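For this one, chain A is given, so just place chains B and C on it according to the hints.
Residue numbers (the numbering used here), protein chains in the order written: chain A, 1 to 474; chain B, 1001 to 1051; chain C, 2001 to 2228.
By construction, these hints were calculated from the structure, which means they are not laboratory data. Just so you know, not all the hints are guaranteed correct.
[As the list claims (entries may be wrong)] Computed, partial: chain A to chain B, Cβ under 7 Å:
no.: 1; residue: Asp80
no.: 2; residue: Ile84
no.: 3; residue: Asp119
no.: 4; residue: Pro262
no.: 5; residue: Tyr264
[Unchecked claim] Keeping only pairs whose Cα atoms sit at most 30 Å apart, straight-line, the calculated BS3-like set for lysine-lysine is:
no.: 6; chain 1: A; residue 1: Lys162; chain 2: B; residue 2: Lys1043
no.: 7; chain 1: A; residue 1: Lys231; chain 2: B; residue 2: Lys1040
no.: 8; chain 1: A; residue 1: Lys387; chain 2: A; residue 2: Lys303
no.: 9; chain 1: B; residue 1: Lys1043; chain 2: C; residue 2: Lys2188
Keep in mind the model is a prediction, meaning the values are calculated, not measured. Beta carbons are placed, not taken as given, at the ideal position from N, Cα and C, and that holds for glycine.
Single-letter residue listing:
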Amino acid sequence: MANNYLTSESKKLATWYFTFAAILFGAQLLFGLVAAIQYVMPGFLFEILDFSVARTVHINALVIWMVFAMMGSVYWLLPDETGIETVGIGLGKLFYWVFVAAIVVVVLVYLFVQVGPADQTTIWFIMEGREYLEAPRWADIGIVVVVLGFIYNLYATGMKGKRTGIVTVLMADMLAFAGIYLAGMGYTDNISVDQFWWWWVIHLWVEATWEVFVGAIAAYGLIHMIGAHRKVVEMWLWIEVAMLFGSGILGIGHHYFWIGTPEYWWEIGALFSALEPLPLVAMFIHVLYDWGKQQGAQEAQGKEVSVVTNKPAFTWFVLQAFGNFLGAGVWGFFHTFPQVNLYTHGTQFTSAHGHLAFFGAYATILIGMFYIAVQNKNGIKVMKATKKSIWATCMIFGGVLGMTVALTLAGYVQVLVSRAQMGATWAGYFDGQAGIWFAQGMDWRLIMGVVTFIGFIILIKDLLSIGSATHHER
Amino acid sequence: MFEPFTDVVPSFFGWLNQGPMTLTLFLHTVIVLPMYFIYKQEKARLEQEEG
Amino acid sequence: MAQKSVWSDNRFWQRSASWITGFAAMLLIWLTFDTIPQIMMGNDTDIKEGVTKRVPGPTVINYKITYEMSKRRGHEIPVIGGANAEGTSSFQEKELFFGRDDWSQEEAMEMLALGKLASQAKNCMNCHTLLGNGAYYAPDLTKSWLDPMWGPEGPLQAMTGKSTKEEAMAEFLINPSQYPTHARMMPKLGITAAEAKGLVAFLKHMSTIDTNGFPRNFGKIKGAVHGK
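Same shape as in the complex, but just chain A (with noise of 0.2 Å):
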């Protein structure tokens, strides 16, 4: 990575947001190595770094890495659809650096201060407790700031340059996703209107704002790596838009079956959630069908090359399409009936959803990012993949397949005897974790587990080292 190709700030600080979610994305697996290794061996460091506190790492690293490259990608494609350089680069900049810091002094009291008395002291400085939104305030506040100057430059820049469709769905839907984080940051004593705000941020980031984010991407990764026809790639979006909104926003009905709100949740989260797969199952074939399309058109000129002008970025961004419709849509369909969820809501099976999905739906076309920013920084006009790039994708997509399944087997013997034979008490809790089906899954989850670091550990390496190759076409 000796010469830098890019003259963009924005494309450079992009890069910025991706080195430092690649290192989040690291202390994610790490955490989640920990986590798995105590569900076999309970007593790996106990009392030192006790589950609660590598499991508040695992899933806070893995939301702030995303958010992290998401706005790295917002930086990126900015200037490509826009025309100009993006407004407001210093202001970013600053930011990257306030929120980096935030960051890690929050990880750092995570770990090392853990928990704190019943007081508000400890919601402000320490953990609020709360799954996915464990950030003390005074983070939460500083999220807020550093998002509303993110929102601005994209607003600025939008406004300033050309507003194609992906910007204008990106503005709208970056708004949303900053103003729905304010609805988790409140305190109240009682706990079922605390998870009633609590689902508006996590169910409408990753089942509404993020897929939109990850909808807008992946429409415009279409248009740079395979030359997809712009017009027929927004069409695509706004119709995705509509779905996945219109399912999406809705479908927050399946997580107010059982917090003690009416019964009316049922019905409506049974059969919006039950349409969100339609826009994923969408998205999927549109991303086949533009690229089948596309490499036609090529060979009906008598060209026989393919027209990805970047092998493993686009290897990324078809596995996210097939990652997100079989994780989020698949998955997520299995338990999304009151009928079902009644049994399977707090098992393993959710366990088992929220890996496929987070991994199918983000973590995959965010890694394709990755690998654009590479490939452009390098100069490079066709990029190839090369052998690490190759086992790095095998072995995480693998990982993770294999997680699913061994924790979706242990969450079948978890519905079984712990909720339908034992009706869900402390006994029949650790009936259930005994099972053989369940072991034997914890096994194989961590097993998967290292499998996929160490497929991470190649994909860094060749993240590093596949802008030197030299079977590229330059």
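This is chains B and C only, laid out in the frame that chain A set:
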């Protein structure tokens, strides 16, 4: 004709929940149906542009 | 005449997307205004007047709690202070909680608030599930107050050497790793005596929230799997 109300607190949405699918079909319909008017308007616009 | 189809027109889809998104968001806001009042916490007056709330007032800690099948609802519901003729809460039968059954609204609320705060400060949710949400490393706490393990004949109460459920739970929370209940143990989290009392009040209150029948058959089935 109407199902007796069973939930804890009576409400408009609870009342629409008359049995399998009534509430959700109602909501889907009110969301999707107005697309018909958008379709009509856009069709008129396209015809005008061509004509 | 060769017409362009509306179905392949970007403007049609853009307008449709805007309409659907905007209207779905408005519906969600409307539903939120309908739901939030239904899940606001009740108070002592409701309980005295026999008004059932989805999230009842904190003074439910003065009452006996059970979890019974409701014919009308078609699933189990929390029953506070014994059932009336219709099978819902009668708010009659009291139960001592840390030696008293006359905790006032203010006292009970203070305990409950401390417990809720402690549940967050101690990060309970990243091992346990509450109302089914959280991590899956430890048992669900939604109805843990009603768990037979902590009842008069349950081994966990006996283990702590205490004579009541609430004292046993509080003792366990203060020194969890002294009472190895399972190979997978709960770590010591620096929970004070007052926080433990608050947490038990929080758990007892949580068991009275109407969760539409989740979890199903809680504590009803004995000896289903290994013939215990």
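Results of checking the hints against the structure:
no.: 1; hint: Asp80; verdict: violated, 29 Å
no.: 2; hint: Ile84; verdict: violated, 30 Å
no.: 3; hint: Asp119; verdict: violated, 34 Å
no.: 4; hint: Pro262; verdict: holds, 6 Å
no.: 5; hint: Tyr264; verdict: holds, 4 Å
no.: 6; hint: A:Lys162 / B:Lys1043; verdict: holds, 27 Å
no.: 7; hint: A:Lys231 / B:Lys1040; verdict: holds, 22 Å
no.: 8; hint: A:Lys387 / A:Lys303; verdict: holds, 26 Å
no.: 9; hint: B:Lys1043 / C:Lys2188; verdict: violated, 68 Å
Comparing the model with each earlier hint shows violations of hints 1, 2, 3, 9; every other hint is respected.
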